[in-house]
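There are 2 protein chains.
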Amino acid sequence: MGGNSSPCASCKFLRRRCSQDCIFAPYFPSNDLCNFAIVHKVFGCSNIIKMLKDVPVDQRGDAVKSLVYEANARVRNPVYGCVGIISNLEIQVSELQMQLAVVQEEILSIKKQQEFTFTNAI
Amino acid sequence: MGGNSSPCASCKFLRRRCSQDCIFAPYFPSNDLCNFAIVHKVFGCSNIIKMLKDVPVDQRGDAVKSLVYEANARVRNPVYGCVGIISNLEIQVSELQMQLAVVQEEILSIKKQQEFTFTNAI
Chain P
2 MGGNSSPCAS CKFLRRRCSQ DCIFAPYFPS NDLCNFAIVH KVFGCSNIIK MLKDVPVDQR
62 GDAVKSLVYE ANARVRNPVY GCVGIISNLE IQVSELQMQL AVVQEEILSI KKQQEFTFTN
122 AI
Chain E
2 MGGNSSPCAS CKFLRRRCSQ DCIFAPYFPS NDLCNFAIVH KVFGCSNIIK MLKDVPVDQR
62 GDAVKSLVYE ANARVRNPVY GCVGIISNLE IQVSELQMQL AVVQEEILSI KKQQEFTFTN
122 AI
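First to last, the protein sequences are chains P and E.
For the first sequence, the working numbering assigns the number 123 to the last residue and increments by one with no breaks.
For the second sequence, the working numbering assigns the number 123 to the last residue and increments by one with no breaks.
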């Protein structure tokens with residue numbers, strides 16, 4: 002039961018007994034079947050255990066959140082998964098950098114023009 | 002052999018016979034052990050097969066590339082994986098949007114000032 006009264010979502014999903022030291026229990030509470038089902042579909046049970054064991058206990062909560070996010074992205078976009086999101090963000094960064102460069106160039110040009118007008122006026 | 006003379010990287014890695022219709026052979030050529038090893042470590046063999054079968058044949062090359070990218074990100078950053086890259090890019094987008102807003106505000110203010118100067122001069 003992972004210390005709780007009902008088995009965790011993972012043990013419910015895998016139809017097995019939830020032991021006191023179940024590695025999933027702290028991160029997949031009893032009512033959270035959906036999140037476990039999705040990471041199980043993408044990574045598989047033994048891989049999730051290996052990945053959690055590779056990470057310090059105090060960072061396992063964050064690791065689970067990132068695995069759930071990644072698995073959801075893969076289910077929504079089976080070809081590109083998270084990499085599709087990364088590509089879109091990279092395009093957005095590149096476009097914003099270009100816009101910023103253009104606007105900064107415009108400011109520079111206005112300032113030069115003002116300087117020129119001022120110099121000619123005196 | 003996936004149609005080639007030597008077994009593909011996946012069959013080499015899994016020490017099994019590489020059949021003519023091996024699903025991995027087109028995407029993990031014989032000399033590409035490293036890429037298969039890394040996706041195998043993160044997703045597991047049966048999950049990769051399921052994910053490839055979920056995707057049209059002409060998009061499987063892209064799916065493999067994204068899985069290799071995602072697996073590498075998870076190995077480099079076991080807590081956040083690709084999600085760490087996404088968070089950093091989101092921060093970068095947000096900072097660039099703020100910078101752009103500031104610079105656009107500056108242009109607006111310069112133009113208003115120019116208009117004011119021009120109106121007062123005539």
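No wet-lab data here; the hints were simulated from the structure.
A couple of the hints might just be wrong.
[Claimed, not checked] Below, in silico cross-link-like pairs of lysine to any residue (SDA-like), each with a Cα-Cα straight-line distance of 20 Å or less:
no., chain 1, residue 1, chain 2, residue 2
1, P, 13, P, 50
2, P, 112, E, 111
3, P, 51, P, 94
4, P, 112, E, 20
### Numbers of the earlier hints that this structure fails to satisfy, in rising order
3 and 4
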